[in-house]
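Residue numbers (this note's numbering), protein chains in the order written: chain A, 1 to 107; chain B, 1001 to 1317.
Derived from the structure by calculation, the hints contain no laboratory data.
Errors might be hidden in some of the hints.
Claimed, not checked - Some chain A residues near chain B, calculated using beta-carbon distances under 8 Å:
1. T7
2. A11
3. L14
4. A15
5. T24
6. L35
7. T42
8. A45
9. L49
10. F74
11. V80
Only a predicted model underlies this, so the values are computations on that prediction, with no experimental measurement involved.
C-beta atoms are modelled at their ideal positions from N, C-alpha and C, and glycine is treated no differently.
If you want the building blocks of each chain, they are given just below.
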Amino acid sequence: MTVVDLTLWVAGLLAGLGVVRMLTVQDLIARLVALNVTGAGTLLALVGLSVRTGVVDAVPQALALTGIVITLAFTGVGVVLVRVIEVDAEEVSGNAGAGSDDAGRPR
Amino acid sequence: MGAAVGAEHVAVATAVVLSAGVALYGARRFVTVVGFLVFGALLSLYWGLIGAPDVALAEAAIGTGVTGALFVAAITLLVRDPAVAPGGIPSALLSLGAGAVLGAVIGRGLTRAATVPAVDSHDPGLGAAVEEVLPETGVSHPVTGVLLNLRSFDTLMEMVVLLAAVAVALAFLPVVGAPWDPIPSPGPILDRSVRVVAPFLLLLAGWLLVAGSTRPGGAFQSGAVLAATLILVHLGGVWTLRVRPMLLLALSAGVAAFVLVAVAGVVGAGSWLHLRGAPAGPVILALEIALTITIGASLATLYLAANSGGRPSRSET
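Using the sequences plus the hints, can you model the full thing?
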C-alpha cells in the first residue's frame, strides 16, 4: 500500500461518511460540520491523486487552498443563517406569541 | 511520491477518520464541534505528512482556526443545546453503516482510478509544466505562482465568493450599522495579554505574507492570522471594529486589485490577467498585500457578524 492509496481511502471514507450524515442529520450545526468533513474528503482526493508523480504538482494544491477559503465562506454564511433561524426567530415568537411559531422551528 | 506508507501515516490517517466519526456522530452540538476541531488539527498534520505544507498551513489557520471559531461562536450564542440526533442510536448506526459503505465504494473507486494512468512513461500531472514557466511568474514558490499568476482567475473568483459571503453576513445584521459588542469588561489579564500578543501576531502575518514568494505561506495564511488579530483586539476591547467606509474598502480591496491587474494585462499585453517577466514580482507582492487585508477583514467580519445579534441569555443565567 502506498501513501497515495492510503490518502485516497481516507478521502473516500471522509466523503462517504460526511455526505450520508449531512443528508440524514436534522441538527443544522451538525449538518454544517458534516458538510465541512465532506469538503475535506474531496480536497484530500484532489491532492491525493496529484501526489502520484515525482514532481510536486502545484495546481491541485492551489485548488485545495482555494477550496478551503470557499468552504469557510459558505460555513460563515451557514452559521449566520442558523443564527437567524434559531435565535432571531425565537425572539420573534417570544415577543409575538404563538402566531409565528412556524418560523422558529428548524427544519 | 509512490512511497510505501510508514507507521506515522497509518496512525495519523486512523486518527483523522476516528475524529471525523466523533465530529459527525457526537451526541450533542458541543461534542460535534470539539470533534471537528480535533479532526482539523489532525488533518492538517496529515496534509504536512503527504508533502502539502501550504495546504497544511491553510487547513490549520483557516479550515480549523477560523471555521472552528465560527462554530464555537454559534454553539455558545444559540440558546438551546439540543441532542443532535433525535432518532437515537439505531438510526445513527444505520447512517454510520451506510456512510462507511459509501466511503469504501468511493475509496475503492479512487484507488482503482489512481492506478490507471500510472504508466511510468509520461507524467500525468501539471507539475513539470508549472516548473517550466515558474521563472516568468515573479515568484519562486510554485503554489504561490499558480495561485496569483498562472491561475489567477480562480483566485479572483474566490475573492468574489468571499465578498458575496460577507455581503450576506452583513445583510443579516439585526440592526444596520450596529457595532459588534466587545466583551463587556475584559479585565486586566485579558486586556494586557491582548496588548502584548497582538503586535507579535501582526509580525507573524507580515512574515507569512512575504515568505509566500519563496516558500510555503502567502496571502491566505497571512490573512487568517490577520483576522485572528482583528478578532482578538476587538473582543478584548482594545480597538473596536465596526461597519464603516474603511472596512468596506478593505473588504473589496482584493477584488479591486485583481480587476486592476486584469485591466493592466489587457492594456499592456493584450490579454486579461497577463503578468510575466520583470514587473511580475512587485505586482504579485502588492496583490498579496491587498489580498491579505481583504481576507483578514472578511474573515473577521464573518466571525463577528455570525457572533452578533442573539441575546447571550445563556451566559446571563
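Now the hints, each set against the structure:
no., hint, verdict
1, T7, "6 Å, holds"
2, A11, "6 Å, holds"
3, L14, "6 Å, holds"
4, A15, "6 Å, holds"
5, T24, "5 Å, holds"
6, L35, "11 Å, violated"
7, T42, "10 Å, violated"
8, A45, "6 Å, holds"
9, L49, "6 Å, holds"
10, F74, "7 Å, holds"
11, V80, "5 Å, holds"
The structure shown violates the earlier hints numbered 6, 7.
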